[in-house]
Amino acid sequence: MSILASIVNKIAPIYPQAKRWLHSFNGGVFPQYRKELSSSQPIREPIIPERLVMPLQQQVGQPAELLVKVGQTVKKNQLIARSSKDANKALVVPIHAPTSGVIEEIANYTLPHPSGLQDVAIIIKPDHLDESIKNPLKVSGESPNNPKELKEILLNAGIVGMGGAGFPTYAKIPNEPGKIHTLLINGAECEPFITCDDLIMQTEANAIIQGALITAQALGSSKIICGIESNKPAAIKSMQKAAKDTLVEIIVVQSVYPMGGQKQLTQELTGIEMPHKAHAVDIGLLMMNVATFAAIHNAVRFGEPLTSRLVSVTGLGLAEPFNIKALIGTPFETLAQAAKPKFPLNYPLIMGGPMMGFKVQDNQVPVIKTTNCILANPPEPVEMQMPCIRCGECMDACPVNLLPQQMYWHSYAHEFEKVEKLNVFDCIECGCCSYVCPSHIPLVQYYRHAKSEIKEIHAEEKATELAKQRHEFKLARIEREKQEREARLKAKKDAVKKQAENKADSESTSKPKGKASAAAAAAKAAAAKRAAAKNTASGSADETATSATSDNIPPARRKAIEAAKQATHQASKQARDNNGNISSPKDAAKAAAMAAAKKRADAKKAKKQSDSLDNNKTRDVEPSVSKDPKQAAKAAAMAAAKERAQAKKATQKDTEVEQAPDLTTNLTQNTEETPASKKEAARKAAMQAARAAAKKRKADSQSKAQTKNAQNNEDASNSKQSNQPITEASSQQVDKQADRQTDRQTDKQDKKQKAMQLAKANAAKKAAERAALKKIQENSEDTQS
Amino acid sequence: MNAPELSSSPYTHNNQNVRKVMLQVQIAALPALFTHIYLFGFGIVVQWILAVMTLLIVEYVMLRMRGRPVLPFITDMSGLITITGLVFCIPPDSPWWIIVSGSTFALIFGKHLYGGLGYNPFNPAMLGYAFLLISFPVQMTQWTLPSSLSGHSISFLESAYYIFTGHIPGMNLDALTGATPLNSVRTGLSQGITVVDSIRTEASSHLFGLSSWGWVNVAFMVGGVWMIITRSISWQFPVGFLGALGLMSFIFNQIDPNLYPPMSFTLLSGGTMLAAFFIITDPVTASTTPKGRFIYACGIGILVYVIRNWGAFPDGIAFAILLMNIAVPLIDQYTQPRVFGHKR
Amino acid sequence: MIEAILIFVGLAIVFGLLLGYASVRFKIEGNPTAERIDKILPQTQCGQCGYPGCKPYAEALAKGETEVNKCVPGGTEVMILISEITGLEPKEMETVEEEDKPKEVARINEDLCIGCVLCIKACPVDAILGATKLMHTVIEKECTGCELCVPVCPVDCIDMQPIPLSTRNWKWPEPDETIAIETINQQSDINKPNQGEV
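Residue numbers (the numbering used here), protein chains in the order written: chain A, 1 to 785; chain B, 1 to 344; chain C, 1 to 198.
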């Protein structure tokens, strides 16, 4: 190394670029440093300006939360803007008042940012008393033993990286101890003109070393390396003195720009080339600027928040450049004027060094936590930009080994995806390429532009993707809702269809209906009432008919279904309650049959209501209707005034009881299951035969109807034709039997009940037998088909 | 104070510019120019003046036609490098219209029609040379013999007279012109004379053990080394080119010295050094990546050797360079350096 | 003769196998055209193309049922991309979006909002929050700026506002070459008389 260095030093006068052989990263440039301008001067006494401007956002991340009001008096170190609750996520750092004074204004103010945009700032009018709060962070002065405590202090102290990037320091520190094995102190300060780090190392070497030791203790790091560029001998000496007998190792590194870059210095000090996209923390390294370590020391030991920083005020346009412990918020121009400008300051000052700084859009912008230098270089005649001659100087100078020239071509042509492919995001914007470009192309600005464009493109892509997803989600939601609605509709439609089919089937069975209606007519109902009943019945029947063909469910029917469902509930309950009395309605009906015509009419009406209900609701409505009217008619004919209402109710309930299971089976079971359910129903009917003939009959008819449904569904038209007569016959027979039975049991109600039950049981048995037969037949047909 | 125009850092520069780079190249060519004048007479000066005049006229007209600012681009010196390269390639006493048409073609078709400086894919000087070589083969191969060989040193005025009129009163023209060493080797080979014999005949004219062409080549090399030190050119170009060419000639010379000339002859004859330091180093048309530059230079070296020994032309530099110019985008694509922090 | 036939048969078999392999190896899934078009569409779901969203338009384009110049937010750039993908003839845009129109998002004037949910229904990306009779608000991050909610608002309380510029979304401008050229021209103009004097 030293041999190479001596050789290089000998070659350097002839071949200056030989110096590039002495450092581990590629390229680099050797600009005129001009550090002597400010480093030769002692640090100036602090200046308290007429007003301090404290932007709420001074670093990467989010603005802090305002805590003060206009007119409020604040003391030095008082918290004037705090971090949000989840500081880690939002990267917010609190702001403290740099001196005592009055909050004059809270307004938008030009930021020290290349854009010159404005943002909310607190403007303090200092009272020049400089009253301060002692130990505002309320620290014990003890070194924290774990990262969390340290982070807490750093957050409260509002410390950010003071080298330039301004990343909140607390956010850089990992939560777990032992993650960082080596702590790196960046004392390289490679930018020309800037000497604030040089001077802080000369004057506050102990604070820096202590800050590093505090951090190392909290993080459990076992090694501390400090890199200082060889062009700062005084700083090296003082740091070496302070670091004596401590963990800290001082390494003198080559003076080359950009040695102070995090990745470059890391490689120089540790030999580790930081992998692409990895953070230093990921590989167990943590690098901080010397000024940051000094601030850490002050915060931990004395509880001092970051309210001032060392700033180099220098440049070729100043007669007396200097370094100063400037209060955060001091306007640039105040400091520049203190350095006795040679020419009027009618040109923009530069924040930072000439390589990476930026021209401020207003010389009144304040010093912020990341301001390391205020540079007043009078504008020079700009060299004309020439076309790129592909000389490759930029590539030779690039410390990250990019192809600046090709990135330029693509940026120029707006082929941003190609620029990205050339790893533009690895560019540290150090400016070496522009510095050496013989064509004077503003390469860095091309890359910055390309970067912001690419970021926007990615953000847009993301937004587009999000929009697409959300749109698709919305469509899916609408579709799902539609399907759900359709499923409901379909279920209902199916029910209606079956009903319609049943209707068609039971056209032949309309005889009983006709009989019923005839009976009803014969019952001499009250004209008005009957008319009304008929109206509703026919109306609903019409609806049923239309609905059978059209897809819509008339609201009437839907209501009816709803009513039926509710009624089923009640009815089934009641049916269970008066299990034995199921046949009683009929007896009552018979009794009612003997009652007055008026009463009969009422019964008829009831029956018609049920009729209409049936029409609306279920598929086996027709058969049951055919019975129901009969029953009702009989009931109407025979019912006593008192029993009449009961009978009516019971009848209705009866039909409903019957409808409910049908409905449910319809909705839940598919056609393949129907034979089984039919059988079951038939069996049930057979078993219940003794109890209630009517019920049996209904069950019978139900099974019949189901049979038909099944047949229809399976499009077995032949079997339908062959089955139909049987069904008709059976239903007719059942009806006849029932008629006979009711006729016979007209004398005594109590006995009638039993007798009828018996008779009905017989009939039911027969019916069940027939049903069973049919089922067998049907099953065989099923299997055939 | 008005808001300043937004400009990005850096706000400092190493004060290098295109004009300076080009001027350095031009200065580096001076030793060769003086050697040339000493050995071949003032023909080249006349040619160079002719070329500069052509350059000024062509550049002015073209820049005007393209609507570009004339002064900054006419003074960028890039055209000067082009015509200097071309002037060294043509016979010093060839007719005036050779250099005029060659320069015109080189500047218009080699540079301006592609969009001017920085946008041309082919080396303009070599394009002009190839144009001349194909269009006027007779004039392009009749070289003025070195004064040491012809025994006659012609003056500046004589050269000018000859270039414009085609004859010098009272002088036998045939005595003045002849074949270049490369040519004589080639013709010798076709007549059954071995390379060794051909070179021995040439050796009679040697000055301190080197032929006139050898001396010009040395002069080019001196200027070239200076350019590497001042970083006007990259070392990869000459090293790659001379390395490949030297290696090729060494290997084949070992195989059959009667058929293939020795390495020293190959490296110091024809336009080898001119190409190595002045022509292939033209950054616009060369590869830009460090590896790419080396590959590009090696490719030219190999092609030059191939064309010289097995091709139809005595010196294949123009065609070798033009061929490799085509390959530049491909080379650049596949020789991108490993970016910091990235794995290969 | 026999050899020639054998050679050609052999070649046919080899190429057949190659083609067969290629068709399996490089098989393209699904309908790539519609998807590719969908990818380049701006996904504002604005419906200005006459289709209910970007995807239906992409599908219609893939089937060749519509013109390439219907995407207003995408503008000429997207139109050209579409014509490249579909192979259809590029067409002039009928309605031209303002050049360099800054991205806008809908903002609901919450004092005027009556909570009618009409805008919620209109929003193609569900970027409006709210419920009946309650004030609505736009999720700025998800708003595509399609302006579909603007006309449906019965009280006209929605307006489109550009996203304010801050240091977080500020972009470095491109170096202005025209200015450079102009200054060069000026310089050369200034220099000319000097040259003349010389």
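No wet-lab data here; the hints were simulated from the structure. Please note: incorrect hints may appear among the correct ones.
Stated by the list, open to error - Estimated spans, in silico, between C-beta atoms of each pair: (1) C:G10 x A:A278: 43 to 49 Å; (2) B:F250 x A:W21: 29 to 35 Å; (3) C:P154 x B:G67: 53 to 59 Å; (4) B:H342 x C:P154: 35 to 41 Å; (5) A:Q469 x C:M160: 50 to 56 Å; (6) C:G20 x A:A278: 19 to 25 Å; (7) C:E35 x A:K421: 54 to 60 Å.
As the list claims (entries may be wrong) - Beyond 10 Å from chain A on every Cβ pair, some chain B residues (computed): (8) Y11; (9) L33; (10) L56; (11) W96; (12) F109; (13) L117; (14) V138; (15) L259; (16) L330.
Glycine included, every Cβ here is placed at the ideal spot set by N, Cα and C.
_Tell me the hint numbers this structure goes against, listed in increasing order._
The structure breaks hints 1, 4, 5, 6, 7, 8 and 13; every other hint is satisfied.
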